[in-house]
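*Asks:* Spelled out, the chains give:
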Amino acid sequence: MCELHFCSSTSEENALNVCPDRTVRRLQSIMKLMRLHRQKSWKVNLPNISIRSFETIGTGRWLDDEVINYFVTKWCSKSQTALGLNTFFACKFLFEGSSCISANSVEHLTSEHESRVQKWCLAAKKAQNLSSWESVFIPINESNSHWYSACINFRLQRVEIYDSLREVYLKSRENPVPLRKNTKTMLVLMWLTEILGRMRGEEVWLRNNPYTTWQFDPHAKVPFQSNNFDCGVHTLWHPNMSLSWECLDFGGDMSGKRLRLAQEMLEDTQHGRLNIPVPPSSGKIQLYSSAPSRSQSRRRTRNQTPHSFTTTGNDSDAAALSRRRRRQRGEASTANAGGYESKKISEDDETKQDDGKDSEDTS
Amino acid sequence: MSEEDQQVPPTEEDVKGDNTPINVKVVSSSGEEVFFKIKRSTPLRKLLGAYANKVGKQEHTIRFLYDGARVAQTDTPKSLEMEDNDTIDVMVEQVGGYSP
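Residue numbers (this note's numbering), protein chains in the order written: chain Y, 1 to 363; chain W, 1001 to 1100.
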């Protein structure tokens, strides 16, 4: 069911990875521009997202909870079938303490816990504006150093845990079930599934029930991360797999995914639900490091919200800005997309603008 | 487990409306509790500031949740329909990339 995909198509994602070097350079130039904005106190005006959080999308950085929560909420809301819980749910209810190392024993969980779980789920449902849901996605942060996730799917009657670490997968697969890393976590997820079933008005009996039709995989096969920083990005792409129920091929270089996250967040900043001041435009960074095809790019520019955003290396300069706009108007190649000036400039131009001398603040 | 009454400094907004102070319990993920008395129209960001100050953490590393929903900068006890002795969960910033 392709409509269940959270994100844009795989071909678009792959397009970003055709020239990883260029993708990385694009991402770096975004982060460079954001750092300049930071000095001028310009903020990414999205709920709970600070520049500090935004910068964790940069190449080699570890994603923070704000970024994970932002996209889980947004994409689950878009899917209209998945309920995305926040990154604090797991440490509050599924594990002992906030480090999420040792899963809670189900015997210690009470009806008090159940009523609080229900409140948290209702809060998430409200935040995502869902009328109903058929799966629940739970991001998990382990010891403030690793992201992985769990998904409970009522339509397919499956509970799975996804971890992008190859070592964890291989080691656990070697071990007998009781010794596998996530076995105890799976037990507490069964407890959670029973509660969620009650919320859906279904009788779900999983613990101590050998006759259940549900299936459980505490170490589901997922693409592995090829470095020591991409688990957060992998985690954000896990719901795609659990909902479409196919093993998507997104391993290897995740720079394209990171660029996409940065682009999407900046687009939301400009076009978003909030009343957000649009930074004066001058520079444009394209989403596609390598466009899938020329005709596709043209179609996108004409018909849709462009997968591009306008930003500037020096937004504080009203005089230079108006000069620049006059200059842009004089040029035949100027395009206007989505109401924003989207004059394409070279990276050299960006550098020049970064060095602008004027100091009048427009924001 | 520490248990103290903290008074959040009143603001101009406190003058308006039904403003009887309520007690709010802020509970950390390790179960430590701090009690605050706060007027119903005082923005909870002030409570966050007071809490961060109290526990010696930077404000931007702290997240407040009320019944699982993130407390926004502008939320007040009144806007969240909080009642006396309600609990706010406090969580800290999380990052992740790799588990050695």
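FYI, nobody ran anything at the bench for these hints, they're computed from the structure.
No residue lacks a Cβ here, since even glycine has one placed at the ideal position from N, Cα and C.
Incorrect hints may appear among the rest.
Short, incomplete list of chain W residues facing chain Y, as computed with Cβ under 10 Å [claimed, not checked]:
no., residue
1, Ser1079
2, Glu1083
3, Asn1085
Below, computed lysine-lysine pairings styled on DSSO-like, alpha-carbon distance capped at 30 Å [said to hold, decoys possible]:
no., chain 1, residue 1, chain 2, residue 2
4, Y, Lys171, Y, Lys125
5, Y, Lys78, W, Lys1037
6, W, Lys1078, Y, Lys125
Counterexamples of contact, computed for chain W against chain Y with all Cβ distances above 12 Å [said to hold, decoys possible]:
no., residue
7, Asn1019
8, Gln1073
9, Thr1087
10, Ser1099
*Asks:* If a hint holds in the structure, say so; if it doesn't, say that too.
*Replies:* For each hint, the structure was consulted:
1. For the restraint placing serine 1079 of chain W at the interface with chain Y, the shortest Cβ-Cβ distance is roughly 14 Å, beyond the 10 Å limit, so the hint is violated.
2. The beta carbon of glutamate 1083 of chain W is not positioned within 10 Å of any beta carbon in chain Y (closest approach about 14 Å), and the interface hint is therefore violated.
3. The beta carbon of asparagine 1085 of chain W comes no nearer than 15 Å to any beta carbon in chain Y, farther than 10 Å, and the hint placing it at the interface is violated.
4. Between lysine 171 of chain Y and lysine 125 of chain Y the CA atoms are separated by roughly 36 Å; this puts the pair beyond 30 Å, and the hint is violated.
5. Of the pairs offered as hints, the one joining lysine 78 of chain Y and lysine 1037 of chain W is violated, with about 39 Å between alpha carbons and a cut-off of 30 Å exceeded.
6. Simply put, lysine 1078 of chain W and lysine 125 of chain Y have alpha-carbon atoms about 22 Å apart, close enough for the 30 Å limit, and the pair holds.
7. Consistency note on asparagine 1019 of chain W: stated as away from chain Y, and its beta-carbon is indeed over 12 Å from all of that chain's, at 26 Å minimum.
8. For glutamine 1073 of chain W, the requirement that its beta carbon stay farther than 12 Å from each beta carbon of chain Y is not met, with the minimum near 9 Å.
9. Chain Y draws threonine 1087 of chain W into its interface by the beta-carbon criterion, the shortest separation being 10 Å against a cut-off of 12 Å.
10. Against chain Y, the non-interface label of serine 1099 of chain W is violated: not every CB pair exceeds 12 Å, the least being about 3 Å.
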